[in-house]
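For the protein sequence lines, the chains are X and G, in the order given. Numbering that gives the first Met the number 0 puts the first residue of the first sequence at 0, with every later residue one more than the last. Numbering that gives the first Met the number 0 puts the first residue of the second sequence at 0, with every later residue one more than the last.
Please note that the accuracy of each hint is not assured.
[Unchecked claim] Listed below are the simulated DSS-like cross-link pairs for lysine-lysine, each with C-alpha atoms no more than 30 Å apart in a straight line:
hint	chain 1	residue 1	chain 2	residue 2
1	X	K120	G	K375
2	G	K723	G	K597
3	G	K876	X	K120
4	G	K523	G	K597
5	X	K120	G	K828
6	X	K64	G	K523
7	G	K723	X	K120
8	G	K597	X	K179
9	G	K100	X	K179
Rather than coming from a laboratory, the hints here were simulated on the basis of the structure.
Now for the letters of each chain:
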Amino acid sequence: MNAEMKPAKRQGKCRMTRRDFLLTSGTTTATVMVLVNGGTALAQEIPAVIATYPRKFITKLSDLKVDEPLDFDYPDEGFYAESMIVKLGVEAGGGIGRRRDVIAFNSWCTHQGGPLAGTYKADTKSLGMCPFHLSTFDLTRHGILISGQAYESLPQVLLELAGDDVFAVGIFGLIFGRSKNLLS
Amino acid sequence: MATTPNFTAEIEIPLPPSDAEVITTACDYCVVACGLKVYRWPVAGNSTGGPEADDNAFGENFPVAPLGPWVAPSQHNIVRHEGQPHHIVIIPDKDAQVVNKLGDSSIRGGLIAQKCYNPQTPTRDRLQTPLVRIQGVLQPVSWDFALDIAAEVGTHVLEHHGENAYGVKSFSYQFIENTYAITKYALRHISTANFTFHDTPSNVTSTPGFRDAGFDNFGPAYEDWMNAETLLICGTDPYETKTILFTQWIMRGIRRGQKTIMMVPRRTAGVAFVEANGGLWLDVALGTDLLVINAMARIIVENGWEDSEWIQNWVNNKWESSSGFGQGTRNTPWQWRTTWGTFQTNGFDDWKSWLLGQDEFVLENAAAVAEVDPEKIRTAAEWLARPEGGRRPKTSVMVEKGLMWSNNTGGTQAIAALGIVVGAGGRPGQVIGRAGGHQRGGVWGGHYPRNKSPMKLPGRRRRALDTDTWLLAGHTRLAHCIGTTWIQSMCGSQQLDQRFHELVLANPNQVRSFDKQEIIDTLKARTDSGGMVVFNQDIYLVDPIGARYADIIFPAATWGEDNFMRANGERRLRLYNQFYDPPGEAKPDWWIIAQLAKRMGFDGFDWQTSNDVAEEASPFSRGSRKDFHMIKVAAHREGKTLHEKLGEFGTTGIQGPVFMNADGSLTGTVRLHDTTLTLPETGPEGANVFNKKLTQFNTQTGKCNLQKSPWSLFSDYWEWQRPKGEELWATSGRVNERWQSGFDDSRRPEISRRWPENFVELHPDDAADRGIESGDMLMVYSDRVPSLRETTLGIEASDYTFTGQMEAGNVELTSAAITGVAMVTRHIKKGLIYMDFLNTGQPANALEGRVVDWVSGNYNYKIGVARVKKIGVSPYKTTFRSMSFAPRDIT
Numbered sequence: 000m001n002a003e004m005k006p007a008k009r010q011g012k013c014r015m016t017r018r019d020f021l022l023t024s025g026t027t028t029a030t031v032m033v034l035v036n037g038g039t040a041l042a043q044e045i046p047a048v049i050a051t052y053p054r055k056f057i058t059k060l061s062d063l064k065v066d067e068p069l070d071f072d073y074p075d076e077g078f079y080a081e082s083m084i085v086k087l088g089v090e091a092g093g094g095i096g097r098r099r100d101v102i103a104f105n106s107w108c109t110h111q112g113g114p115l116a117g118t119y120k121a122d123t124k125s126l127g128m129c130p131f132h133l134s135t136f137d138l139t140r141h142g143i144l145i146s147g148q149a150y151e152s153l154p155q156v157l158l159e160l161a162g163d164d165v166f167a168v169g170i171f172g173l174i175f176g177r178s179k180n181l182l183s
Numbered sequence: 000m001a002t003t004p005n006f007t008a009e010i011e012i013p014l015p016p017s018d019a020e021v022i023t024t025a026c027d028y029c030v031v032a033c034g035l036k037v038y039r040w041p042v043a044g045n046s047t048g049g050p051e052a053d054d055n056a057f058g059e060n061f062p063v064a065p066l067g068p069w070v071a072p073s074q075h076n077i078v079r080h081e082g083q084p085h086h087i088v089i090i091p092d093k094d095a096q097v098v099n100k101l102g103d104s105s106i107r108g109g110l111i112a113q114k115c116y117n118p119q120t121p122t123r124d125r126l127q128t129p130l131v132r133i134q135g136v137l138q139p140v141s142w143d144f145a146l147d148i149a150a151e152v153g154t155h156v157l158e159h160h161g162e163n164a165y166g167v168k169s170f171s172y173q174f175i176e177n178t179y180a181i182t183k184y185a186l187r188h189i190s191t192a193n194f195t196f197h198d199t200p201s202n203v204t205s206t207p208g209f210r211d212a213g214f215d216n217f218g219p220a221y222e223d224w225m226n227a228e229t230l231l232i233c234g235t236d237p238y239e240t241k242t243i244l245f246t247q248w249i250m251r252g253i254r255r256g257q258k259t260i261m262m263v264p265r266r267t268a269g270v271a272f273v274e275a276n277g278g279l280w281l282d283v284a285l286g287t288d289l290l291v292i293n294a295m296a297r298i299i300v301e302n303g304w305e306d307s308e309w310i311q312n313w314v315n316n317k318w319e320s321s322s323g324f325g326q327g328t329r330n331t332p333w334q335w336r337t338t339w340g341t342f343q344t345n346g347f348d349d350w351k352s353w354l355l356g357q358d359e360f361v362l363e364n365a366a367a368v369a370e371v372d373p374e375k376i377r378t379a380a381e382w383l384a385r386p387e388g389g390r391r392p393k394t395s396v397m398v399e400k401g402l403m404w405s406n407n408t409g410g411t412q413a414i415a416a417l418g419i420v421v422g423a424g425g426r427p428g429q430v431i432g433r434a435g436g437h438q439r440g441g442v443w444g445g446h447y448p449r450n451k452s453p454m455k456l457p458g459r460r461r462r463a464l465d466t467d468t469w470l471l472a473g474h475t476r477l478a479h480c481i482g483t484t485w486i487q488s489m490c491g492s493q494q495l496d497q498r499f500h501e502l503v504l505a506n507p508n509q510v511r512s513f514d515k516q517e518i519i520d521t522l523k524a525r526t527d528s529g530g531m532v533v534f535n536q537d538i539y540l541v542d543p544i545g546a547r548y549a550d551i552i553f554p555a556a557t558w559g560e561d562n563f564m565r566a567n568g569e570r571r572l573r574l575y576n577q578f579y580d581p582p583g584e585a586k587p588d589w590w591i592i593a594q595l596a597k598r599m600g601f602d603g604f605d606w607q608t609s610n611d612v613a614e615e616a617s618p619f620s621r622g623s624r625k626d627f628h629m630i631k632v633a634a635h636r637e638g639k640t641l642h643e644k645l646g647e648f649g650t651t652g653i654q655g656p657v658f659m660n661a662d663g664s665l666t667g668t669v670r671l672h673d674t675t676l677t678l679p680e681t682g683p684e685g686a687n688v689f690n691k692k693l694t695q696f697n698t699q700t701g702k703c704n705l706q707k708s709p710w711s712l713f714s715d716y717w718e719w720q721r722p723k724g725e726e727l728w729a730t731s732g733r734v735n736e737r738w739q740s741g742f743d744d745s746r747r748p749e750i751s752r753r754w755p756e757n758f759v760e761l762h763p764d765d766a767a768d769r770g771i772e773s774g775d776m777l778m779v780y781s782d783r784v785p786s787l788r789e790t791t792l793g794i795e796a797s798d799y800t801f802t803g804q805m806e807a808g809n810v811e812l813t814s815a816a817i818t819g820v821a822m823v824t825r826h827i828k829k830g831l832i833y834m835d836f837l838n839t840g841q842p843a844n845a846l847e848g849r850v851v852d853w854v855s856g857n858y859n860y861k862i863g864v865a866r867v868k869k870i871g872v873s874p875y876k877t878t879f880r881s882m883s884f885a886p887r888d889i890t
């Protein structure tokens with residue numbers, strides 16, 4: 000656990016750390032293992048680059064209002080970095096805050112790159128339909144596809160809470176258009 | 000929290016290097032068959048493409064633009080090619096100019112790389128060797144061992160129990176080479192009437208009304224669905240079930256102002272999109288489509304909105320109906336099925352007077368039974384046919400299983416008639432056809448021996464043998480099942496399952512020996528004692544047909560593991576190239592059948608390659624909608640094989656029927672029944688054949704038969720089924736994210752996270768009445784599943800109706816019970832539940848009545864009832880990793 004997380008813990012607030020997120024999301028270590036050459040004699044597991052994501056301040060938790068998304072860029076300012084954070088008002092997988100209801104996602108459809116910014120639906124806590132091919136995503140459930148054609152869940156931006164400060168610290172899932180999440 | 004293992008999200012993928020091989024194919028799944036490209040490069044050498052355009056096979060800089068050749072992690076795999084490990088990336092063909100233009104694909108086809116066998120993935124349980132059940136356990140054996148036993152038992156059954164004791168239940172679509180080999184074996188050589196395809200209990204048409212009217216099911220071109228000004232879609236949401244037909248064609252039409260009407264009881268994403276863009280949703284109650292269709296037809300003729308010029312030119316009148324030395328309407332299939340006078344008319348005026356004489360088609364009456372707002376029905380009728388400023392709308396009609404499999408004969412007769420009077424059919428943008436389910440990969444290698452069927456209809460005609468009833472009655476001694484679950488895909492499936500158990504496992508003759516001859520003798524003894532032996536060919540071990548009942552398993556090679564041909568829903572033929580090695584000893588179905596046939600002493604099975612089979616099948620495609628014979632003629636002229644020649648057409652393929660031009664080049668057929676098409680006055684040259692269906696309809700005169708569609712032929716069954724007490728209508732169908740039984744989807748972590756179990760959609764009001772919330776575990780059950788005991792027998796037509804069969808004591812009521820996860824949702828009509836139709840573990844078709852449509856002989860798969868109660872809470876209710884309970888109609 001790194002130094003930035005400690006203040007939050009001292010305050011005894013409910014929050015989801017990156018490590019907790021990865022654990023509850025099915026991996027067994029804090030480092031995502033990528034299988035290279037799977038199925039072959041050359042198969043080997045190498046640590047993914049998750050540890051090198053920037054830690055970026057996004058907003059004050061207290062500034063978030065239920066069902067009012069904020070846009071931000073992450074993990075860089077490059078193509079498809081546009082992301083959104085929203086306080087859902089209901090508990091969500093990977094959520095932070097007292098009710099574990101604050102989550103963040105990349106804003107580009109993992110089908111063919113349709114823009115999802117501005118498509119948040121308060122009644123269903125979802126993004127979409129995508130203007131390209133109508134995919135919709137459930138923000139309470141790690142961005143899983145509700146209905147549609149996307150090849151992957153929507154990449155979830157991992158959040159950390161330090162006091163009242165919300166930081167983006169990683170991304171779970173490959174961002175559309177990129178061959179790897181970190182361009183440099 | 001650990002409800003779903005295998006959930007890790009990858010954040011980097013290997014790009015194909017610029018020297019990667021590129022192999023074309025098409026998707027294995029739905030009828031649309033999107034063009035795909037396989038990028039293949041060896042693992043050895045550790046070469047991977049880079050994000051710069053010069054460094055990858057796409058020639059694109061990463062990040063790519065929207066719609067560009069992005070590679071999702073789920074689109075990469077590692078396979079063996081010529082024994083060596085290779086990377087593959089499979090993405091839709093971004094250069095496609097047909098079908099999936101610019102490389103669109105659904106989630107199903109998009110994830111097809113995960114279909115490929117890789118022992119490091121959940122595909123590791125592919126069948127890899129033949130298996131024989133010894134001491135109750137399926138054990139690996141050699142091909143010779145398994146085939147020798149199978150051939151001996153097969154021959155014994157034919158000699159001692161007759162051809163109809165050898166039952167063959169097969170896919171109809173899993174590539175032309177395989178279906179040709181299977182039907183040649185079953186129909187030309189075994190010559191059994193105990194034969195049918197995966198989606199029907201007997202060898203009958205899915206659309207009797209279309210056949211009688213003269214419509215080919217797949218006449219239209221995809222562009223027609225876009226170019227229609229009004230489009231009526233019955234019994235399907237194409238967005239969910241043939242996605243690219245919707246996203247690339249119908250959606251473009253809607254954005255250009257098409258008025259779209261969808262008649263289905265669920266408001267899924269395509270319906271929601273249609274409504275959001277000014278279209279109409281007719282939320283028809285289960286099984287009542289015929290009433291709504293005829294109510295619309297009635298409004299149209301009452302107002303004189305019918306297409307009189309079209310009807311004048313293209314509908315048979317009284318004399319034309321009887322023309323052709325008795326080969327006109329008098330001898331169309333509906334006469335074979337029924338007594339005289341039930342359907343045929345003397346033309347438009349006769350049909351109109353019949354229509355106006357039926358009270359159930361009065362708008363208010365039909366709307367009340369169908370539970371649809373009458374104003375919406377009236378608006379739909381206006382859109383379909385009312386001229387604006389003296390000009391008619393260009394109207395097209397699309398149908399699929401929600402209509403066809405609710406009231407098989409009546410529904411398809413009604414929609415065919417409506418299509419005719421609104422002028423749908425025969426012109427660009429004015430067409431009528433099926434949307435389709437699976438692809439079209441059938442070529443007949445033999446004729447169905449109808450005269451061997453003991454099943455008949457009132458009058459003189461025999462009906463194709465109902466293989467399920469035949470099996471239940473104990474007449475099938477050898478069940479040879481190829482590439483279908485058989486049991487779960489049929490109606491009343493738990494009763495069928497129980498009978499398999501009695502005939503196979505409860506029989507005392509079970510294999511307890513290591514000795515081949517003793518095994519053969521044991522299986523022969525089982526057939527002689529009234530029991531049944533089961534052969535199963537498939538790519539995975541399926542429960543229960545393979546896992547519980549099969550005595551012998553033949554492991555099949557499939558898509559990507561041999562070269563195959565197949566057509567899509569606009570008759571577009573493509574070569575599906577082999578690009579990797581089949582797992583273990585798995586062999587394509589044509590090869591398995593050939594080895595078995597040769598051992599049984601049948602000639603004509605000496606094929607060496609799949610191309611050999613395709614070339615033999617070629618002349619048998621003549622006259623069909625996918626006639627590809629001229630491709631072979633062209634190929635041989637050029638010193639090529641049929642497969643090589645078709646392969647030159649890449650993902651574009653060519654639409655059947657195929658013709659050769661004077662210069663030796665080939666031309667496809669955009670649409671069938673195209674009355675605007677002009678054929679050369681000199682007629683066909685060389686080996687070309689011009690079939691009537693190119694420019695006319697499939698009837699004696701080439702004109703359409705306009706027919707009646709009486710509600711009374713079906714209403715007794717519908718009234719009997721109608722929910723009583725706490726029952727709800729229970730229906731089933733596909734869900735967008737899964738294909739068929741999920742044989743591949745259940746092995747894709749992302750899809751099995753989305754749909755880990757079968758679901759039970761129910762309306763919030765119905766849920767509240769039963770104290771049910773989303774995520775609750777439900778028991779869905781019925782003790783009112785009707786089932787035919789034996790062959791339907793009778794003298795008068797009325798004896799064959801559901802009422803007649805009930806009175807004759809030929810219908811027994813069986814029970815069914817299925818669990819599922821509650822999905823309380825606004826997108827389903829009140830009074831109805833909906834489940835995934837082919838989930839093998841929680842088989843929804845167990846609830847549907849196992850009573851064939853008495854006119855057509857097909858099942859009405861979509862009609863059933865059930866009671867629903869909460870039995871607990873599923874893990875998905877309170878955890879976040881798996882499933883979603885959000886509605887499918889979010890816009």
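Here is how each hint holds up against the structure:
1. X:K120 - G:K375: holds, 28 Å
2. G:K723 - G:K597: Distance of about 55 Å is beyond 30 Å: violated.
3. G:K876 - X:K120: Holds, at about 21 Å.
4. G:K523 - G:K597: Within the cut-off at roughly 20 Å; holds.
5. X:K120 - G:K828: holds, 22 Å
6. X:K64 - G:K523: Violated. K64 of chain X to K523 of chain G sits at ~75 Å, over the 30 Å cutoff.
7. G:K723 - X:K120: violated, 38 Å
8. G:K597 - X:K179: violated, 54 Å
9. G:K100 - X:K179: holds, 27 Å
Checked against the numbered hints above, the structure breaks hints 2, 6, 7 and 8 and satisfies the rest.
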